[in-house]
Amino acid sequence: MQIREIRLRNAKGLHARVAARVVKVAGRFRSRVVITVGERRANARSIMAVLMLAAAMGATVRLETEGPDEQAAIEAMVAVLAAAGDRA
Amino acid sequence: MVTFALHGVGVSGGIAIGRAQLVSHATLEVAHYVVPASRVDHEIARLELAIDEVQKELTELHGTMTRSGDLPGEFGAFLDVHWMILNDPTLSEAPKRIITEQRCNAEWALTQQMNVLIDQFEQIEDSYLRERKADVVQVVERVLKRLMGKPGSLPTSVAEERTILVAHDLSPADVIQFKQHHFAAFLTDVGGVTSHTAIVARSLAVPAVVATHNARQMIHDGEMLIVDGTNHVVIVNPDRSVLSEYRLKQSELDLERQKLKRLRGKPAETIDGHRVELHANIELPGDLAQVLESGANGVGLFRSEFLFLNRAGLPTEDEQFEAYRAVAAGLAGKPVTIRTFDLGADKQKAELDGLARVAPNPALGLRAVRFCLAEPKLFLTQLRAILRASHYGKVRLLIPMLASVAEIDATLAMIDQAKESLRERGEPFDEGIEVGGMIEVPAAVLAIGGFLAKLDFLSIGTNDLIQYTLAVDRSDEAVSHLYDPLHPAIIKLIALAIAGANRAKVPIAVCGEMAGEMTLTRVLLGLGLRNFSMHPAQVPTVKQRVLTSDVSAIRPVVERMKRTDSPAKLAALLDKLNA
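Order-wise, the sequence lines are chains A and B. First residue of the first sequence: 1, per my numbering; consecutive thereafter. First residue of the second sequence: 1, per my numbering; consecutive thereafter.
So here's chain B without its partners, still in its complex pose (with noise of 0.2 Å):
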């Protein structure tokens, strides 16, 4: 056996190691067979069961899904296109004929009327109408597991938390049966960070590494994996001696993992006495349990976009206050920070319901807020189902990518406007809900003044904080290595956002990825950070490194890192900061 590694990208850490389970693509697997006249009826009743036996899988799994509530709700509208395709004569009845007039296998009769079937779909105009024919393949494809003998699309292996599943891509129907499996890893040819495979990897918080291209051809049943989301790569038949070094490795990360959970319920604090607050960035209701076990003080940063996944239209005011109020009263009481729609460049659709635009540059177009004031009834409608979930909870609002005064006075106006009409509605809301506004721009760090005298806190976005000041996109390979958290613009800027914030005693937070580096959480603690949030996983590391943390003797090195534009400095300083 030969040792490879196969590259993607890992959407959700951590080291895996099993044996390869493969999700077919049954289509391509199909056998065509002549079957004698006195079969026919046979070959029948076989379709006819297989139908049947999907009809009631799909029904179970709504129901599960239902009672478990923590998938977005356009994963229930799909089971039911599914469940209803499935009836469909055109797929039901269809076939039977085909295998009566072609005395062929009911797999091929199956294929065949499949193959008709796209081809009306693709003639369709509508692009989104055409890609619904990815709904008739999986649907076809769970009727072609069944009639060759593997029940669902999920194999179950008696092993399953060494197993680890290896498939082309994943439908809502098996990522919503992930949810009750325990697999290991799991490994996609195609998605991306926000496909079915990495949002339910992340939430289970197993590895997963996707867009591997052809994983799924180059890797056999029953083969040796090692998948380490961390660092995007899996081995396939690893030797001995790096298997052992993963164990090794991955033994040492469930230590330290163990060790980590003591602290839970411990308040984060450095030696010097500072409080400082952590919260977890979250981007699914569903995401809550991890959240309450990572031991954070509550939500920093609820991402909303989630809203628009795996749908066409967009969602409606009752759809987002469901998801905001479970979040806010899951919380208990601690807070949590709703993000309006942050929809433009890089996280959307490419197309939201004729709202789409072609944009030159899309990091400096019509994005987050802006796209949401030019948006208005959009707008509206999410600020009154944050406003109405107010009333479940303690809810502070975030609007993304402020970076002017007049961009604010007009958000406030709109929230206000959102307030009025509830009031008239005779809908309850916390009349008192924060306003505050991400740190993103650097025209908001250098103008920060109109933003402290008109916003209640503040969050710094560091992400695109750094986009934008260094003119980089991290997702173009070509410039990807020039993004650098630790650039001395950077530092600086952070530092005089922070400073400002201090001084007229307004909350300030960062949420970023930068906050749960824990290689930095020392330079923000002795710029005057108290507030950080961060993956939820990535919580109890960060406490640890603020409890062996003594501001004290932090303050005078990083007033050094502020001063210096020589980043070989800056390194260097890094480096006795974390000694």
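The following block holds chain A by itself, in its conformation from the complex (with noise of 0.2 Å):
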């Protein structure tokens, strides 16, 4: 399993956008990817289960991968979330 932490930059947390994308790309990936912000745990693969993480500006996120392509996964999901604070 790979574990990563990265906190949000982007001000609206996980945006619909955002969302949208980390969820496109958890698809692409074997492994199972779950993201954690405090207490709540939430499938990468699903919009509502990301949506309602609610994500807000400057949390801190955990993400974590298992499967096959892990190391992959991980790397992806963290360029995915740390790219949304750098866009707008």
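No lab work stands behind these hints, which were simulated from the structure alone. Built from N, CA and C at the ideal position, the CB exists for glycine as well. Treat the hints loosely; a few may be bogus.
Stated by the list, open to error - Taking CB as the label site, the calculated pair distances span:
hint, chain 1, residue 1, chain 2, residue 2, range
1, B, Val116, A, Ala82, 32 to 40 Å
2, A, Lys24, B, Val34, 37 to 45 Å
3, B, Ala289, A, Arg7, 40 to 48 Å
4, B, His182, A, Lys24, 32 to 40 Å
5, B, Lys454, A, Arg7, 41 to 49 Å
6, B, Pro267, A, Ala82, 49 to 57 Å
7, B, Ala504, A, Lys24, 49 to 57 Å
Fit chain to chain and form the complex, with the hints in mind.
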């Protein structure tokens, strides 16, 4: 299992556009991808779960990937979340 | 059948006569029944089929939208989100379990699950994410309509050109579909000047009345309607005499429009040979087609606030660049004047990504250029995007609401900074790009020398100039009657600005509503104005006015208008001018 923690820089946290991108990217891998904010855990392949995570501004997000391509999956997820903050 | 009238806000002018087509709120009309055990599998299959069909529909919409490319980028993102919501097990799987467990019909199961999800969304603290529940509702409604045998949200009618769409509100997906159909008019319960409905209606040039409160409940399918977008009114079940009166009005308008169309290629020149430039105001890249059709000499005001529509974050540099480039290139050499963000007081969303501030008096607060100067990152991003677009056409930069030379200096310094960073990046742009200022504050008129010395051109925004001179907020019903473009003070200020600019040989235009008002065309011509910018639909009427005007005859009358302080005398002189 790969674990990574990152701080969201995006002012809106995980807004709809970013959430959609997260779900799309997570769907490309065979590994399970879980996002945790505080005590809430969400399957990154479910838009509803990701939206409801409501990761607010500056929230620290914990990423977990587990499966055959877990290394590639975690890199891709970190990239998506990091890019989200820079695009504003 | 009883005749009655509904009042709302006309967001797109003109008259339409046709039959009502209700876009139903499917969730309100869902049947609840128990299915026999033997039919449970059948119910599940119905649900799967409906979801599958809506998925295809959304994918198709996304395709057509990408091809036509004339809607704000955020629509695409929302279609993506809708598609994903539909695919989410909480929506595609959970209702199947409800069907099995409770033996209820598919519609009922789906509505129950929707309510569960809405409850969860409502517990979210973040107001933006909480509002995403509306997306869940819109997706569920599409599936429900499929289930109930109403394909899509759009009724496919035989005689669409005579169909008037009546809805509570329209979703981005609905809006994209409307682009491909031809409705006679739109009516919605909610909405405002910047709602999806309003924007689409204007770009299709069909009448629309929004904020009718309860049109959806008062009007029945198939009822005869007259929608008068110009006068903000809807007449339901008109009797024969009202109907024939409106038919007459409508055919007069059509005839007028046909006549005006023939003026398209003709240059706007007064009888005594003064050439006048007529430009168009636009708010979306998609409005370009209408501009080209109107015969305008270019875009005199491209409002950039649309970039904030339907979105959460700030628009990126690339996204903005694409929008500006599309217009610059699409005009094929004709100029486009892009106004930097006029955000702050009334026209933006209540909250701008953490940049939101509560101001005690927003019109006098941090808005337009003040807001941009206070948010240099946002401003520089936009300036870079506009500069980059200047490589693809004739682009001019317009700064809103300047009031002092210090603001001009600060803005010009920012533009230099944006240019410098593009040079470092090696991105091409027009080094000679012209920078102009809006004249919207009385102070700018009274001290216009400082503006003339530093700017390449000026543009009078009459709406704000009137608001700030008369201290009247037009959107406040209690004082809106005091808003008067013909107040002697307004005439004097406009006269002063135009005379100052003409003397210094600095081009000056009027881009506020006065420019498109044909009863005022001669006043402005007499004051020396030779550049007007207005809604594209108004270009032909104003052109016709110019063609029939003689400046040498107008000027003495306007001179008297400039001197008088009596509103009654002003009105009499105006009548004389327009006689």
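Verification of the hints:
1. Val116(B) and Ala82(A) have their C-beta atoms about 33 Å apart, which keeps the hinted 32 to 40 Å range intact.
2. Our hint of 37 to 45 Å for Lys24(A) and Val34(B) holds, since their Cβ atoms are close to 39 Å apart.
3. Restraint check, Ala289(B) to Arg7(A): a C-beta distance of roughly 45 Å satisfies the suggested window 40 to 48 Å.
4. Remark: the range hint 32 to 40 Å for His182(B) to Lys24(A) is upheld by a beta-carbon distance near 35 Å.
5. A hinted range of 41 to 49 Å for the beta carbons of Lys454(B) and Arg7(A) is consistent with their spacing of about 43 Å.
6. Pro267(B) and Ala82(A) have their C-beta atoms about 55 Å apart, which keeps the hinted 49 to 57 Å range intact.
7. The supplied range of 49 to 57 Å is met by Ala504(B) and Lys24(A), whose beta-carbon atoms lie about 56 Å from each other.
Violated hints are absent here; each numbered hint is respected by the structure.
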